[in-house]
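**Q** Quick note, the sequences are listed as chains A and B, same order. For what it's worth, the numbering used here labels the leading residue of the first sequence as 1, then goes sequentially. For what it's worth, the numbering used here labels the leading residue of the second sequence as 1001, then goes sequentially.
Hint data in this document are derived by calculation from the structure and do not stem from the laboratory. Among the clues, some could well be false.
As the list claims (entries may be wrong) - Restricting the straight-line Cα-Cα distance to at most 20 Å, the calculated cross-link-like pairs of lysine to aspartate or glutamate (EDC-like) are: (1) A:Lys-367 to B:Asp-1022; (2) B:Lys-1051 to B:Glu-1063; (3) A:Lys-382 to A:Asp-372; (4) B:Lys-1033 to A:Glu-357.
Said to hold, decoys possible - Covered stretches of chain B, going by a simulated chain A footprint (3 or more residues, C-beta under 8 Å): (5) 1011–1022; (6) 1025–1036; (7) 1116–1128.
To be verified - A few chain A residues that face chain B, going by a derived Cβ cut-off under 8 Å, partial list only: (8) Gln-216; (9) Pro-331; (10) Val-335; (11) Leu-336; (12) Ala-345; (13) Pro-349; (14) Ala-350; (15) Ala-354; (16) Glu-357.
Glycine included, each C-beta is placed from N, C-alpha and C at the ideal position.
Here are the chains, one letter per residue:
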Amino acid sequence: MKDRLRKGGSSMPEPPIRVHLQQVERADIRPRAESVLFRQARDLRRNKFSRPVEHNGTRLLWEAMHEPPDDIPTNGGQPDGQAAGPPATPGNAQRESGLWGHAPVFKPESGRREGLNHVAWAGEASITAFGLRVGIRASAPELLDRLLGHIPAGWKCALPQSVDRLYSLISRGPSLGPDVGGSHLLYVNDQRLARTGDRGRLVETFESDLNSYIAQTAQQWFFVHAGVVGWKGQAIIIPGHSYSGKTVLVKEFLQAGAKYYSDEFAAVDGHGWVHPFPRLLSVRAEDCQTHTRIRAEDLGSETGTGPLPVGLLLLTRYKADAHWRPRVSSPGRGVLALLANALTARSQPALALATFERATVRARVLKSTRGDAKETVESVLKYLDRQVLGNTSSQSASLELI
Amino acid sequence: MNERVLNSARKRKDTIVRQVGDEFLVYDLKTNKAHCLNRIAAEVWMLCDGKTTVAEIARKVDETAKSSVDEAVLELALSKLQEAGLIEQDSSGFEPAIPSRRVALGKRATAALALPLVTTILVPTAAQAVSPGQKQRRARRQSRSEG
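With the hints as constraints, model all of the structure from the sequences given.
**A** Shown next as structure tokens:
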């Protein structure tokens, strides 16, 4: 195999897959952690890599190993509970489809820090998410596998010739061991983002930075700081800053049977539909100093897979001893609430106004401070079931709640 | 209302305007503030061209709103628009006496919903939207027990 790769080459540097292969062949392969490497090595042995591929003057190996990105199955464009709608979140079903872990190998051109280019990367991946190309490379194979589990839903494999952002993770500790130990480094392009002995914290830092990067950079998308759940084919958006009580409400909605979409950002497309942007719920402890990460499935819920129209905007914040006394607010106020929590509205205000207008065109807007989350959620779901889904007057519904 | 005030009031042009239902959303490109104007406030704002008189505005608003609009309401609308920075005043124009909602309501007791309303928010930068400041966090941690 190595000979074949060498024969196919030119004066270009050897592709990183060689390093990769050497790692695999030497490794004591473990079933879960190195499954990606194992599959890639198996594919290579089946002669899928018969020749290197030239693309824009760069030697690639990706095309031989993967189907075109557009062929990756999605949910078919049908939102949950809806007969028709805008295009689906791209590649939502990637994990479930069996393509999970099929990380493409790429030859990074960035990474100007000299030392990074001399690292023997054990695994590399190039993906697109929300129109952005992101590269990830890790010195330990199981680390790459773990990181791929923290990429926002909707990612696809990408052509690896160039990326907008490159993450490099160097693990100097034991490759398969407890979370704490050794020294782990995370770089973004050529800047060091984190150095820690806690591998879990490194992964959290990676996830947080990647989410923020996507939310601040994605074109044609607007990310609103909000919690989002799906209820009977419509999205409930709870815009608000940190510490406004979003996650507690989202958790309560999930326990009541809603689908999980996000507790951080509402990803709104150009049609005004909301796409899933899930990550583990970060529930703060009583002292607000620590937090625990919870899966939606642990709360008896499931994660949404398709886009939803906005059915309800909840303009609320937690206040001790307050009670949920909602007033129906206008769609214009709803748009203002989205603008006040949107990340990139300043840079493209006209598009933001148009997008949020589409998002709120069918939505009800309720406003109130709240106390107990359970009381609020029960009241909201009752309101939705009676009025929004029953298509009757929202004004009278609000009065009933008061 | 003094004619000079309205004659010197002009709506700002560096804005993006979008109608949402009965309301108008106005994005101020200079200050990055977004305003939500109800119909009566929006109509007054759009008629502020530095030339139209109070009587003309009242007549035009009457025609579209199909209800009488008195001077107190117009003055309240102007003061709210000025407060939001949506109209420009020449230096020659003096500050109008700002009537309270109570005064305007008293004159239009049966049509409270037709009072001008302007709601304003500051559109945050990306960094501001992602995370509140450290001071805010500390203050909130102290004052709240539920995250």
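**Q** The structure should be examined with respect to each hint, and the outcome stated for every one.
**A** Cross-check of the supplied hints:
{"no.": "1", "hint": "A:Lys-367 to B:Asp-1022", "verdict": "holds, 19 Å"}
{"no.": "2", "hint": "B:Lys-1051 to B:Glu-1063", "verdict": "holds, 19 Å"}
{"no.": "3", "hint": "A:Lys-382 to A:Asp-372", "verdict": "holds, 16 Å"}
{"no.": "4", "hint": "B:Lys-1033 to A:Glu-357", "verdict": "holds, 17 Å"}
{"no.": "5", "hint": "1011–1022", "verdict": "holds (count 5)"}
{"no.": "6", "hint": "1025–1036", "verdict": "holds (count 6)"}
{"no.": "7", "hint": "1116–1128", "verdict": "holds (count 7)"}
{"no.": "8", "hint": "Gln-216", "verdict": "holds, 4 Å"}
{"no.": "9", "hint": "Pro-331", "verdict": "holds, 5 Å"}
{"no.": "10", "hint": "Val-335", "verdict": "holds, 6 Å"}
{"no.": "11", "hint": "Leu-336", "verdict": "holds, 5 Å"}
{"no.": "12", "hint": "Ala-345", "verdict": "holds, 5 Å"}
{"no.": "13", "hint": "Pro-349", "verdict": "holds, 5 Å"}
{"no.": "14", "hint": "Ala-350", "verdict": "holds, 5 Å"}
{"no.": "15", "hint": "Ala-354", "verdict": "holds, 7 Å"}
{"no.": "16", "hint": "Glu-357", "verdict": "holds, 5 Å"}
The structure fails none of the hints (numbered hints given earlier).
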